[in-house]
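Top line first, the protein sequences correspond to chains A and B. Each residue of the first sequence is one higher than the last, beginning at 1 in full-length UniProt numbering. Each residue of the second sequence is one higher than the last, beginning at 1 in full-length UniProt numbering.
In short, the hints are calculated from the structure, not lab data. A quick note: this is a predicted structure, and the numbers were derived from the prediction, not measured. Treat each hint with caution, since some may be false.
What the hints assert, rightly or not - As a list, the in silico DSS-like pairs of lysine-lysine whose alpha-carbon atoms are at most 25 Å apart:
{"#": "1", "chain 1": "A", "residue 1": "573", "chain 2": "B", "residue 2": "126"}
{"#": "2", "chain 1": "A", "residue 1": "218", "chain 2": "A", "residue 2": "272"}
{"#": "3", "chain 1": "B", "residue 1": "126", "chain 2": "A", "residue 2": "488"}
{"#": "4", "chain 1": "B", "residue 1": "126", "chain 2": "A", "residue 2": "564"}
Below, each chain spelled out in residue letters.
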Amino acid sequence: MAQLSETYACAPSTERGRGILISGDPKSNSILYCNGRSVLIRYLDRPLHVHVYGEHGYPVTVARYSPNGEWIASADVSGTVRIWGTHNEFVLKKDFKVLSGRIDDLQWSADGMRIVACGDGKGKSLVRTFMWDSGSTVGDFDGHSRRVLSCDFKPTRPFRIVTCGEDFLVNLYEGPPFKFKLSIRDHSNFVNCVRFSPDGNKFITVSSDKKGLIYDAKTGDKMGEFSSEDGHTGSIYAVSWNPDSKQVLTVSADKSAKVWEISEDGNGKVVKTLVCSETGAVEDMLVGCLWQNDHLITVSLGGIINIFSTSDLDQAPSSFSGHMKNVTTLTVLKNNQKMLSSSYDGIIIRWIQGVGYSGKIIHKDIPQIKCLVAVEEEIVTSGFDNKVWRIPLSDGECGDAEYVDVGSQPMDVSLAISSPRLALVSTDSGVVLLNGAKVVSNIKLGFPVTACAIAPDGSEAIVGGRDGKLHIYSVSGDTLKEEAVLEKHRGAITVIEYSPDVSMFASADGFHESVVWDRASKEVKLNNMLFHTARLNCLAWSPNSTLVATGSLDTCVVIYEIGKPASSRITIKHAHLGGVYGLAFIDDLNVVSSGEDASVRVWRLTQE
Amino acid sequence: MAVHDDCKLKFLELKAKRNFRFIVFKIENQQVVVEKLGGPSETYDDFTASFPADECRYAVYDFDFITEENCQKSKIFFIAWSPDSSRVRMKMVYASSKDRFKRELDGIQFELQATDPSEMSLDIVKARAF
Numbered sequence: 001m002a003q004l005s006e007t008y009a010c011a012p013s014t015e016r017g018r019g020i021l022i023s024g025d026p027k028s029n030s031i032l033y034c035n036g037r038s039v040l041i042r043y044l045d046r047p048l049h050v051h052v053y054g055e056h057g058y059p060v061t062v063a064r065y066s067p068n069g070e071w072i073a074s075a076d077v078s079g080t081v082r083i084w085g086t087h088n089e090f091v092l093k094k095d096f097k098v099l100s101g102r103i104d105d106l107q108w109s110a111d112g113m114r115i116v117a118c119g120d121g122k123g124k125s126l127v128r129t130f131m132w133d134s135g136s137t138v139g140d141f142d143g144h145s146r147r148v149l150s151c152d153f154k155p156t157r158p159f160r161i162v163t164c165g166e167d168f169l170v171n172l173y174e175g176p177p178f179k180f181k182l183s184i185r186d187h188s189n190f191v192n193c194v195r196f197s198p199d200g201n202k203f204i205t206v207s208s209d210k211k212g213l214i215y216d217a218k219t220g221d222k223m224g225e226f227s228s229e230d231g232h233t234g235s236i237y238a239v240s241w242n243p244d245s246k247q248v249l250t251v252s253a254d255k256s257a258k259v260w261e262i263s264e265d266g267n268g269k270v271v272k273t274l275v276c277s278e279t280g281a282v283e284d285m286l287v288g289c290l291w292q293n294d295h296l297i298t299v300s301l302g303g304i305i306n307i308f309s310t311s312d313l314d315q316a317p318s319s320f321s322g323h324m325k326n327v328t329t330l331t332v333l334k335n336n337q338k339m340l341s342s343s344y345d346g347i348i349i350r351w352i353q354g355v356g357y358s359g360k361i362i363h364k365d366i367p368q369i370k371c372l373v374a375v376e377e378e379i380v381t382s383g384f385d386n387k388v389w390r391i392p393l394s395d396g397e398c399g400d401a402e403y404v405d406v407g408s409q410p411m412d413v414s415l416a417i418s419s420p421r422l423a424l425v426s427t428d429s430g431v432v433l434l435n436g437a438k439v440v441s442n443i444k445l446g447f448p449v450t451a452c453a454i455a456p457d458g459s460e461a462i463v464g465g466r467d468g469k470l471h472i473y474s475v476s477g478d479t480l481k482e483e484a485v486l487e488k489h490r491g492a493i494t495v496i497e498y499s500p501d502v503s504m505f506a507s508a509d510g511f512h513e514s515v516v517w518d519r520a521s522k523e524v525k526l527n528n529m530l531f532h533t534a535r536l537n538c539l540a541w542s543p544n545s546t547l548v549a550t551g552s553l554d555t556c557v558v559i560y561e562i563g564k565p566a567s568s569r570i571t572i573k574h575a576h577l578g579g580v581y582g583l584a585f586i587d588d589l590n591v592v593s594s595g596e597d598a599s600v601r602v603w604r605l606t607q608e
Numbered sequence: 001m002a003v004h005d006d007c008k009l010k011f012l013e014l015k016a017k018r019n020f021r022f023i024v025f026k027i028e029n030q031q032v033v034v035e036k037l038g039g040p041s042e043t044y045d046d047f048t049a050s051f052p053a054d055e056c057r058y059a060v061y062d063f064d065f066i067t068e069e070n071c072q073k074s075k076i077f078f079i080a081w082s083p084d085s086s087r088v089r090m091k092m093v094y095a096s097s098k099d100r101f102k103r104e105l106d107g108i109q110f111e112l113q114a115t116d117p118s119e120m121s122l123d124i125v126k127a128r129a130f
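Turn these sequences into a full structure, and let the hints steer you where they fit.
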């Protein structure tokens, strides 16, 4: 039996030039954000327990709690809104096709009866308001000609809806049934966000023209604006009110967040500027914010979430992050129990079991990562060009990288663990033996090589081809001598791994089968490992060489025990939405897996 | 495609007298004949082992289990074993004669088609029975 023990969740997916919207529930101290097709519910006091809702068929853009905290409405790029319950396993209440294009913002009315959704679409359907349970439209929303970026409901009577968009307009509608009242043309660039104050007296609009304007909520008259001294020097992407309606938090492309004091006559003055720049690069542009209870939460373009405490704004924030894209590789560094995960966009993240996020390793020379292997002192990676990089790792910090050009794109990289200077890289036409950063030999094998493994002492190499055959070679100096060819697999070999005690090796293919072989006799040791239904992506051995875990595109992880028949396996279903791409054992009872949903999960195995 | 009388007789014995755990059938010379009989003490693993890995077979298995209300029940499964590694001609022959053969055996409760050993594992059989 396997139980989920920790989830290292993904970061919100961000896009340059646009803000993102995160929301939360003050009562349960949780925040909601979206990545890919999943909506993530994270509890600020329990960061390792994350709930994921993955029922959307298209990438999700925004999700919000209803005012009573019982329902969540989430919207995606196809224009569909799904309303589902917070408890009771996210039971779906209703789903509606609201707009004909992507939905950018969604708000509940204060009584929880109506929902307004705005976004992109053709012609009339840029904004729609509907009853939450029946979906019937409540009002006509003309007045915008381009994508509507944000909308909000006035929380108190008389009810108003305000919308703003790429046509630089801010429109006010009154109702219900909602009708166009007036249009405000004070901004000179995209209006990114509009929010009513919780007491219903004012609303603020922020724009890419670096200004923030404050209006009276009932009449729409301009009351004042953010003072220009100490103001933002970049587009302002989002704004969030303090629950007592006296202060707001804004975030901007100038990499800072500012807390403004809003006076009764509607003018804003900067109280504090919060800078959380780490590297000063584009990734530090802030794109989302939320003011909840005593926390100020900001999200950067690179996916880092910073939480400041209102009681002490000078204190450094607690920050955490995650991957934003498919996590393709996962390794465990033995001596300090850290896990390294990497995604194809070149981001490597360190995780510590029990704690979570422990830091990012971003190396300027490595824009993309396809294969990654790590031992204690260094990381070897390859991307989509012909280079293999070796980066020394000391105490978690990267040294200078050196690279070697192997002639064509590397398909698989394997390190001889006991003598890590030796590496075997497989390419489309053969294999390349590396010693340190020098090519020892480049051997053309005559068949397309898909996976390779080199024994820990560097004396033997196993190469798998697209035809499903496993070739075993003995390595002497710079030549390979073929010892045996094993034919059992029915699809291209995807992974080959030696067991830690080097007595066995396991191979997995694209036809959902994996096999464990005895190294000395080349005989099949464990047969019928056929319990997946799609291509196998990854394979891992437990440190005591008794368990083999396989992960597949079918989202499941299956763990087999050597010595027992394959049918007595442990299956973890739906480990990662979209497919499992990385697997490793932390110790004999804990497996960590990573997948296309950009999360990393730790599972605890228990004996039945 | 003829069905040998022995098949029907052995099946009736399994149903009425319960002296076999399973019967494996083979198509030989345009006829369905009995290939192997399993005694009442044989297990499901013995049953799985009596299938060749690259040839098709038919089989019936008598599955005993205890329900939630604590009653001993018995269900007869018909298994069409058609592994992916067998020849296409054999798969075609077995597939086309399966229906007619099944009609001759009266009293089958569940049917299962397996193309590799994972598709006829014991938990799938248990899930169908409950």
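Now for the hints, and whether the structure bears them out:
1. A:573 <-> B:126: Status holds; Cα separation ~19 Å.
2. A:218 <-> A:272: violated (29 Å)
3. B:126 <-> A:488: violated (30 Å)
4. B:126 <-> A:564: Holds, at roughly 20 Å.
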